[in-house]
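Student: Read top to bottom, the protein sequences are chains F and R.
Under the working numbering, the first residue of the first sequence is numbered 1, with each subsequent residue one higher.
Under the working numbering, the first residue of the second sequence is numbered 1, with each subsequent residue one higher.
By construction, these hints were calculated from the structure, which means they are not laboratory data.
Incorrect hints may appear among the rest.
Said to hold, decoys possible - Chain R is faced by these chain F residues, among others (derived, beta-carbon under 10 Å): (1) Gly256; (2) Cys260; (3) His261; (4) Pro264; (5) Ala489; (6) Ala539; (7) Gln542; (8) Leu543; (9) Leu571; (10) Asp577; (11) Ala590; (12) Glu595; (13) Ala617.
The C-beta atom is built at its ideal place from N, Cα and C for all residues, glycine as well.
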Amino acid sequence: MVPVRVVRALLATFGCGLAAVPAAGSPVVAGFERFHRAAPAAAPEGGLLLLGELNCVACHRLPGAEGLPPRPAPLLGDVGARLDPAALAAFLAHPAEFKPGTLMPRTTLAAAEVSALAAYLGTLGRPRPEPELPAGSVEAGRRLYHAVGCVACHAADPSLALPVAAGEARPPEPLGVVPLALGARYDRAALVRFLIDPLAARPAGRMPDSHLTPAEAADVAAYLQRARGAPASTSAAAAVPTALVTEGRRLFTTRGCAACHGDPSPGPAAAAPPAAPALRADDAALARGCLAETPPPRAPDFGLDAAQRDAVRAALRRLAGDDSFLRPGAAGDVGRFLTRMNCHACHTRGGRGGVEPALQRFFTVSDATAEALGEMGNLPPVLDHVGRKLTREWWAKLLWEGGGEVRPYQVARMPAFGRAVSEPVLARWEEADRREPPVAIDVSGRQLHQRAGHGRLLLGTQDGGLGCITCHGLRERPAVGMSAIPLDAAARRLLPEYFKELLLNPQSVQPGTRMPPMFQGRPKANQEIEQLWTYLKEADQQLLPEGLLRGGEYELRPEQAGRTLVFRTFLQGAGLDAVAVGTPAGRHAAFDGREVRWALTWRGRFLDALTTWEERAMTPARPLGDAVTPLPGWTPFARAEAGAAEVPHRFRGHVTAADGTPTFRYEAGPLQVEDTLRPDPAGGGYLRVLRVRGGGPGWIFRGAAPGATPRPIAFDPAGEALLEEVLP
Amino acid sequence: MSAARLARGSRAALLLAFGAALARGAEPAAPAYELTPYALPTESKFEVSGIALLPDGRAALTLRKGEIWILENPLEDPARARFSRFATGLHEPLGLTWRDGALYTAQRSEVTRIADRDGDGVADLYETAAKGWGLSGNYHEYAYGPVFDHEGNLWVTLNVTIGAPAKIDGHRPAGPLWRGWAMRQAPGGELLPVAAGFRSPFGLGVNLAGDVFATDQQGNWWGTCPLIHVRPGKFYGHADSIPETRRPESLVRDPGPLPAGLTMVEAAARIPGFALPAVWFPYAKMGQSTTGIVCDRTGGAFGPFAGQLFVGDFTLAQVNRVFLEQVDGEYQGACFPFQEQLQSAVLQMAFLGDGSMILGESNRGWNSLGSRSFGLERLRWTGKVPFEIQRMEATPDGFRLTFTEPLAGEAVVTPALFTLSSYTYLYRQNYGSPETDPRPVTVEAVAVASDRRSVTLRCGGQRPGHVHELAVGDLRSAGGQPLRHARAYYTLNRIPGRAR
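With these hints in hand, go ahead and build the complete structure from the sequences.
Tutor: In structure tokens form, the structure reads like this:
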């Protein structure tokens, strides 16, 4: 291997200091490579980025720049589980050779010191077997790596490079590719653990959490370690002399490692080294120490190339003379955050950043109908206005909690960056994107027009609806047309003011959106948008809009229930006090509780409960089946005397049998009646059985069968009678 | 590794819970009441419209879609609530009561007595317990209740018809509908119409003395929402029920042609049989749509309000509190805000065995504050005494305020701390009414009781029949708390000791 320093010297000799790529052995900070290396005018900004990313302020005091956020270095409490002492020693001796692009500087360490440090670090966490760890598939890992978004920051597999036809320009190589160096060296189980929760070891969030499941992490690990022949074997740790470990721990503090990494061991720490000099901006200072072309032995060597050194110098000069440099305003703070965290690898804001053209083909959709969304379908969203778009609840989901993704068709994932690094910027973001004057929307739910039902009608595809559900699904119902963002989380995710702003003028808020300007020219747009909001905030509890409701969704199906169902409602053909009786045999009937008689029979499908269960208007239900047969309009019992008055019938309710069959009870004058209608087991009709008590001479029964004629009732001496009739 | 995921998940849940608590405006330290939503089954929409406590401590709930469910463990962590379906196929039940081994609920067309005869945990008896009103099929013809008074009479109230009847085959209109009436059925007797003039009397409740109260909704003939002491023979103002007063069986005298342009106070003086509500809930200040009524029979387990009434509100998703007293034998009193920011429209409340309040919610068809369309919540007193105006009583020359805690010893209590005004409403067919004929009421002198628990206000300018609105300035309890609610609204139908 050619020593790094030689390469760098060679490069310098040939005047490659302003090359478009970092010199070998120099640190890779993606944002710097992307926006600053080839733009000397942006050198101060790029230098400030490096000052932060290289964590200069961990050792140096930067007068006037106390607010510069330090970059948390990897936590080493478990490093011994990830790398064995030999690898640790190799890393410590030549960081940039072991891990190209590393931000860790080389410190001048004697071989014995390297051994001691490696021995100490090797005791921090031990390789441990993961009994539940899936084996992992290289191919599946390759697919995931290129699909979920790893390639936004890390190199794509060269074997997947697109063939370029002769004469056709190959897209420019992506800038700011962060070399993948440690994956192949990690203990396999530790790598899987790391991929599942990278923020645990690297709280800086520059390697964010892509929400890989354990199985997915095992696949990606297999892919990253595909070149490593034998499967990972965690050799039993050799006995390490205690004195060596103790010496390593001492060195960890005295040689300044703890300045960035903290102290990973419990117990008293050794004395820290003397503070590094304050950063100054005079020419002499800018040419020595870490910034010297060849750093002196006691200074850490970051391997900065000429462009990086120049940028840092420019930043320090600017800091010395311009107080405002560190206070660029809310928009500037957001911009620096996006560059620092490399959000721009995926996202555009203000026309800056976004997935590199050469990588866009790796960003795909999983749902063919989402192709119609164009780049809004496959590429991560543009971040313009997002500070006035999202609720804090949703920011939290997106940036640290997970569960914030709302584009099921988009294959790339929004990774989590961790709360500590993300949360401080939110207030700045909200300020940067504040709209003046603010959009006014009343979402109290207090106004008369703010009814969810009105919003539901607007969402639906029926006459008078806007048909929002043509593109937006809800409650796992896909949209009826193409796939845009489902509506489930809209009211928790979006600020209502943004919601209104978007609906009133989609193209000005989301240039390129496929959303039509549905509300332009609608005189009641203000009220209607509030109605939509009311519905959306309760969307999980509301009746689905027309178009998403499935036919028969509210249908009562006795045959599925396996028992007879009793259902009271307003029922066409049986009146306002109807008790519908549906049987698994598909022979149904309704009893009229007001007129006290069987009113209706029908066959096939029973009833749809939607209007009874969901409608304020309580539209009467109707028999769904066929052979709907109205039964005679008379009450069942009468006196036999000619010209006798109708006997008043009084409904007394029903009791249900074990199979759900109701027996209706009523009184007819002195008679107490139990009246049951069931599918006739002997034929295709119904068998009606009436038990009557309290009778005597002179009573007649008026049956409900077609052509039934009144017949006298023969009561037994106890005044009881059992009557039967068969209805077709 | 999955542990890491889990840990992250639970941290997120905690943060969410904390955020939610903040968002709901929970008091930051040691709140007097703790509000917790129940985790609900997903098989049915828990649009809870009626609640009855069973003798074994479980709670039965009616759902608007027509079911009754049993909450098996209401006192345990609401996140681990267990429910079982008890009854199905009912027609929009809006109320639930347990009595003598059975549940009673008002369906659209009858009161039904529901019981489980074979002990399998599912209802098998649906017995008509009271019937005798009519329907046109108009959707607004709700029936509410029932409740039982101390004599065992069953009461139910009937919404007026609002809008056109439904076109429905098989319905042959017959007989009076009794819409807008309160109905009563004595044990073993018939259901009879007893009081008229209601509009949308959702709430029914019985106070400690056994008297029956109903709430109604602001709208036509109702300037704002009232709490009504329901008595046979009275007419409360909504005109749709007047035709039935001319029937021979009516206990309510025909009020005759209704004069136009009256205030409620004038209407009460001029219209025969007209009775004023016991309490008015000033619109928007004290809710917009009163619902269920529950009397605090917890003996103090729910805090320092034993014997008082709590009244739900639909639109504002809150619960208000009512103190009643009798002057010349007639109920009147004050209402106070009590618990805001429920998750949806409050329909019904009941008390659980430990004195917690359970609240059923649904806003379907209308709209409400809150974030949910329906739900069930528990409101538990933490034991910390909330500093509130416990009672506001009328005196011959003013009012007496009693607080839940003694006033701070150092508090200088002056008349300037108390602002009073009075107003009434128009009695008219139009929808609602502005506060009408407002006038200031002077507070001339105040006297603090020796136990510092009450303050007597000597006032000038009180007017019988009017709402007297009180606002209290910065007054602290001996424990240093500010008033949780510094407003009260006293409906001064009668001034004690003064002839009407």
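Student: Given aspartate 577 of chain F was flagged as interface, is its beta-carbon under 10 Å from a beta-carbon of chain R?
Tutor: holds, 4 Å
Student: Using Cβ atoms only, decide whether alanine 539 of chain F comes closer than 10 Å to chain R, and label the hint accordingly.
Tutor: holds, 9 Å
Student: Taking 10 Å as the limit, does the beta-carbon of glycine 256 of chain F come near enough to a beta-carbon in chain R?
Tutor: violated, 30 Å
Student: Using Cβ atoms only, decide whether alanine 489 of chain F comes closer than 10 Å to chain R, and label the hint accordingly.
Tutor: violated, 13 Å
Student: For the restraint on glutamate 595 of chain F, tell me whether the closest CB of chain R is nearer than 10 Å.
Tutor: holds, 7 Å
Student: Given a cut of 10 Å on the nearest C-beta pair, is the interface hint for proline 264 of chain F held or broken against chain R?
Tutor: violated, 18 Å
Student: Can we keep the alanine 617 of chain F interface hint, with Cβ of chain R closer than 10 Å?
Tutor: With a closest approach of 5 Å, the alanine 617 of chain F hint holds.
Student: Closer than 10 Å between Cβ atoms is the bar; does glutamine 542 of chain F clear it against chain R? Give me holds or violated.
Tutor: holds, 6 Å
Student: Identify whether the interface hint at leucine 543 of chain F stands, where standing means a beta carbon of chain R within less than 10 Å of its own.
Tutor: holds, 8 Å
Student: Regarding the hint that leucine 571 of chain F lies at the interface with chain R, is the smallest CB-CB distance below 10 Å?
Tutor: holds, 7 Å
Student: Return the status of the interface hint for cysteine 260 of chain F: holds when the least beta-carbon distance to chain R is below 10 Å, violated otherwise.
Tutor: Violated: closest Cβ of chain R sits about 24 Å from cysteine 260 of chain F, beyond 10 Å.
Student: Just to be careful: measuring from the Cβ of histidine 261 of chain F to every Cβ in chain R, is the smallest value less than 10 Å?
Tutor: violated, 21 Å
The structure fails to meet hints 1, 2, 3, 4, 5 from the earlier list, while all remaining hints are met.
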